Amino acid sequence: MRLSTERLAHIHEAHEYMMGLEWAIRQTLEEPEVVRRSASVPESVRLYYRRFGGPVVKGRYICVVVKEQENDAFILTAYIADNIKRGDPI
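Convert by adding 1 to the 1-based position in the sequence shown; the result is the number in the numbering used here.
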């Protein structure tokens, strides 16, 4: 899975609190607690969740949204979530 410079800039701009949490994005992808199909785009978008502690996340989840294509997968965004969104589990 790749994280482009443009997507990382988007994450930092849209979710400023994610700055410095690139390690949590990586860990969420490597060791997710839950993976769901997106309810709005179930054929190609996956949501990876992992709960973290610490002063920023505070027991909530990091959600990493990944677009999967035939020969590629890339991160669309990442953010802190209070709950796991609906969607079919994988």
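Simulated from the structure, these hints should not be mistaken for laboratory data. Keep in mind that this is a model prediction, so the values were computed, not measured. Every residue, glycine too, gets a C-beta built ideally from N, C-alpha and C. Don't take each hint at face value.
[Claimed, not checked] Computed spacing ranges between beta-carbons, pair by pair:
id: 1; residue 1: Lys59; residue 2: Glu23; range: 17 to 23 Å
id: 2; residue 1: Gly54; residue 2: Arg3; range: 26 to 32 Å
id: 3; residue 1: Asp89; residue 2: Glu23; range: 15 to 21 Å
id: 4; residue 1: Val57; residue 2: Ile85; range: 27 to 33 Å
id: 5; residue 1: Gln28; residue 2: Asp83; range: 16 to 22 Å
Do the hints match the structure? See the list:
1. Lys59 with Glu23: 17 to 23 Å: Taking Cβ atoms as reference, Lys59 and Glu23 lie about 19 Å apart, which means the hint holds.
2. Gly54 with Arg3: 26 to 32 Å: 28 Å, holds
3. Asp89 with Glu23: 15 to 21 Å: 28 Å, violated
4. Val57 with Ile85: 27 to 33 Å: Because 19 Å falls outside the window, the suggested range is violated.
5. Gln28 with Asp83: 16 to 22 Å: Given a distance of about 19 Å, which is inside 16 to 22 Å, the answer is holds.
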